[in-house]
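Protein chains: 2
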Amino acid sequence: MTEKPISNALRALAKLREMIFAGDLPAGSNHLETELAAQLNMSRTPVREALLMLEGQGLLELQPRKGVRILPISPRDMADIYDVLTELESLSAEQAAKAGHSDSALALLEAAIDDMDKAIAAGDLDAWSEADDRFHKELVQLGGNGRVKAIVDMMSDQVRRARAITLALRPLPTKSNDDHRKVFQAIKDGQANMARDTHRAHRCHAKEIIVGVLEKHRLRFI
Amino acid sequence: MTEKPISNALRALAKLREMIFAGDLPAGSNHLETELAAQLNMSRTPVREALLMLEGQGLLELQPRKGVRILPISPRDMADIYDVLTELESLSAEQAAKAGHSDSALALLEAAIDDMDKAIAAGDLDAWSEADDRFHKELVQLGGNGRVKAIVDMMSDQVRRARAITLALRPLPTKSNDDHRKVFQAIKDGQANMARDTHRAHRCHAKEIIVGVLEKHRLRFI
DNA sequence: TCACACATTAATGCATGCATTACTAAATGC
DNA sequence: GCATTTAGTAATGCATGCATTAATGTGTGA
Chain A
17 MTEKPISNAL RALAKLREMI FAGDLPAGSN HLETELAAQL NMSRTPVREA LLMLEGQGLL
77 ELQPRKGVRI LPISPRDMAD IYDVLTELES LSAEQAAKAG HSDSALALLE AAIDDMDKAI
137 AAGDLDAWSE ADDRFHKELV QLGGNGRVKA IVDMMSDQVR RARAITLALR PLPTKSNDDH
197 RKVFQAIKDG QANMARDTHR AHRCHAKEII VGVLEKHRLR FI
Chain B
17 MTEKPISNAL RALAKLREMI FAGDLPAGSN HLETELAAQL NMSRTPVREA LLMLEGQGLL
77 ELQPRKGVRI LPISPRDMAD IYDVLTELES LSAEQAAKAG HSDSALALLE AAIDDMDKAI
137 AAGDLDAWSE ADDRFHKELV QLGGNGRVKA IVDMMSDQVR RARAITLALR PLPTKSNDDH
197 RKVFQAIKDG QANMARDTHR AHRCHAKEII VGVLEKHRLR FI
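Chains A and B supply the protein sequences, listed in that same order. Under this note's numbering, the first residue of the first sequence is numbered 17, with each subsequent residue one higher. Under this note's numbering, the first residue of the second sequence is numbered 17, with each subsequent residue one higher.
There's no promise every hint is true.
No distinction is drawn between identical chains; accordingly, a pair holds when it is met within one copy or between any pair of copies.
Simulated pairs of lysine-lysine, DSSO-like, Cα-Cα distance not exceeding 30 Å [claimed, not checked]: (1) 31 - 114; (2) 153 - 31; (3) 191 - 82; (4) 204 - 114; (5) 134 - 153; (6) 165 - 31; (7) 82 - 165; (8) 20 - 82; (9) 82 - 114; (10) 191 - 153; (11) 223 - 153; (12) 134 - 82; (13) 165 - 191; (14) 114 - 232; (15) 223 - 114; (16) 31 - 232; (17) 223 - 165; (18) 134 - 165.
It is worth saying that the hints were derived from the structure and are not from the lab.
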């Protein structure tokens with residue numbers, strides 16, 4: 017309905033994001049508009065439009081004569097991002113609990129939790145990571161605040177850049193799913209404060225872990 | 017240092033934002049790129065770039081053959097926005113308290129509160145509004161989280177669109193400054209939880225008022 | 001009279017070209 | 001030999017033109 021036709025600019029946006037996540041455009045590296053346009057097989061105009069959007073999302077910076085700089089994420093940045101996610105996701109948990117969703121509306125959330133359990137049992141970190149994303153995304157969806165969703169999507173993008181590396185370095189998130197289940201139960205039972213506080217504690221803990229890993233390894237991220 | 021030279025695109029961005037706030041481009045109205053470019057005395061390219069940025073900030077929508085649509089803000093939207101502001105500003109208050117800022121660092125915050133008192137005494141709503149903005153902006157600044165600052169700036173823009181009208185309709189915010197002082201004192205004393213909870217309650221109250229006014233008058237905003 | 005199809009109009013998306021400007025390097029003066 | 005200035009180069013910001021495509025209006029047939 018309100019769909020836009022797939023323009024070259026949108027293709028460039030998706031492709032550039034992909035290149036950043038894949039590490040083809042590493043953090044801190046500089047690239048000229050012309051080069052990127054050539055790589056993407058289109059003219060500078062749509063590429064430039066995509067770059068402006070990505071700049072607005074905080075993934076890169078346009079420096080007038082020095083090219084496009086992919087922004088690195090310092091431990092401090094990651095802490096800031098996690099703090100935002102903590103607040104907004106906790107709000108979502110609270111609102112989701114207040115909304116009194118039916119069991120069927122909560123099915124996706126529960127499925128994500130189940131999938132995380134399976135992934136942990138199988139030792140499949142990638143599958144766990146994917147299911148974890150799904151859980152957080154669905155949580156925000158159930159919260160029903162569109163602006164929160166937009167912001168969390170943006171920030172999650174940045175977290176995803178770091179996750180690939182931190183996943184291998186951090187302890188297996190075996191206990192994390194207990195928290196998820198508690199949050200789920202609280203939402204199901206309509207216990208707003210419980211949902212909020214539980215999720216908040218969960219996210220604070222996750223933040224400590226990630227930031228700890230980043231600092232320990234002196235990493236600035238991709 | 018990291019300043020960008022003032023390009024036409026940035027001028028267009030500022031000017032368009034101004035036109036939206038001033039009501040020259042009313043909520044729900046449609047405008048063609050060509051017309052806007054003509055009004056701004058520049059070619060379509062920089063105007064288009066500015067429009068893309070504004071779309072990213074949620075102020076408008078680019079509809080392929082129907083022109084640029086200025087997005088209205090419903091009471092629901094305003095409630096969503098206030099919820100985000102509540103969470104992120106409360107976080108800022110907490111972090112500001114934890115940071116242990118010196119008295120001189122807190123001077124601007126206190127000045128904003130004093131100015132609000134003066135404005136209320138003088139019955140000057142515009143001055144009050146300006147000082148209130150300053151208080152919230154400074155609070156976020158003291159919180160020290162750059163992403164929070166960016167998000168709050170964006171959301172505040174949207175609130176400002178509604179404020180001009182709600183100001184005249186809502187009760188005089190005489191008591192509101194007591195809250196501000198309590199938050200200030202808590203930050204000064206390093207009482208993080210107190211700062212957080214006080215500010216949270218303050219914002220929740222403000223949300224009720226504004227959303228109430230919007231719903232009562234069935235307003236969709238500029 | 002209504003519906004469908006075709007043609008015309010016009011806005012957008014993109015490519016391209018040009019002018020401006022910043023960076024580099026070389027040359028001259030001290 | 002070093003510093004300063006100037007010339008050359010190259011990337012960006014913007015204007016412009018074109019092609020595509022959607023919307024509107026007209027005409028014809030049932």
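Do the hints match the structure? See the list:
1. Proximity of residue 31 and residue 114 under a CA criterion of 30 Å is satisfied in neither setting, with 39 Å inside one chain copy and 41 Å between copies.
2. Taking CA atoms no more than 30 Å apart as the test, residue 153 paired with residue 31 passes inside one copy only; the shortest distance there is 22 Å, against 36 Å between copies.
3. Taking the shortest Cα distances, residue 191 and residue 82 never come within 30 Å of each other, neither inside one copy (46 Å) nor across copies (52 Å).
4. Proximity of residue 204 and residue 114 under a CA criterion of 30 Å is satisfied intra-copy only: 9 Å inside one chain copy versus 35 Å between copies.
5. Taking CA atoms no more than 30 Å apart as the test, residue 134 paired with residue 153 passes inside one copy only; the shortest distance there is 19 Å, against 46 Å between copies.
6. When the C-alpha separation of residue 165 and residue 31 is checked against a cutoff of 30 Å, the pair qualifies both within a copy, at 22 Å, and between copies, at 28 Å.
7. In this homomeric assembly, residue 82 and residue 165 come within 30 Å of each other (Cα to Cα) only across copies, at 27 Å, whereas the closest approach inside a single copy is 34 Å.
8. With identical chains, the CA atoms of residue 20 and residue 82 are at most 30 Å apart between copies only, with a shortest distance of 12 Å across copies and 33 Å within one.
9. Proximity of residue 82 and residue 114 under a CA criterion of 30 Å is satisfied in neither setting, with 50 Å inside one chain copy and 39 Å between copies.
10. With identical chains, the CA atoms of residue 191 and residue 153 are at most 30 Å apart within one copy only, with a shortest distance of 20 Å there and 39 Å across copies.
11. Taking the shortest Cα distances, residue 223 and residue 153 sit within 30 Å of each other both inside one copy (17 Å) and across copies (26 Å).
12. In the homo-oligomer, the alpha carbons of residue 134 and residue 82 never lie at most 30 Å apart, since the shortest distance is 47 Å inside one protomer and 49 Å across protomers.
13. In this homomeric assembly, residue 165 and residue 191 come within 30 Å of each other (Cα to Cα) only inside a single copy, at 26 Å, whereas the closest approach across copies is 33 Å.
14. Proximity of residue 114 and residue 232 under a CA criterion of 30 Å is satisfied inter-copy only: 23 Å between copies versus 40 Å inside one chain copy.
15. Within a single copy, residue 223 and residue 114 get their C-alpha atoms as close as 26 Å, and across copies as close as 17 Å, so both meet the 30 Å cut-off.
16. When the C-alpha separation of residue 31 and residue 232 is checked against a cutoff of 30 Å, the pair qualifies neither within a copy, at 32 Å, nor between copies, at 46 Å.
17. Taking the shortest Cα distances, residue 223 and residue 165 sit within 30 Å of each other both inside one copy (20 Å) and across copies (19 Å).
18. Taking the closest pair of Cα atoms, residue 134 and residue 165 come within 30 Å of each other only inside a single copy of the chain (27 Å); across copies the shortest separation is 39 Å, beyond that limit.
Of the numbered hints given earlier, the model fails hints 1, 3, 9, 12, 16; all others are met.
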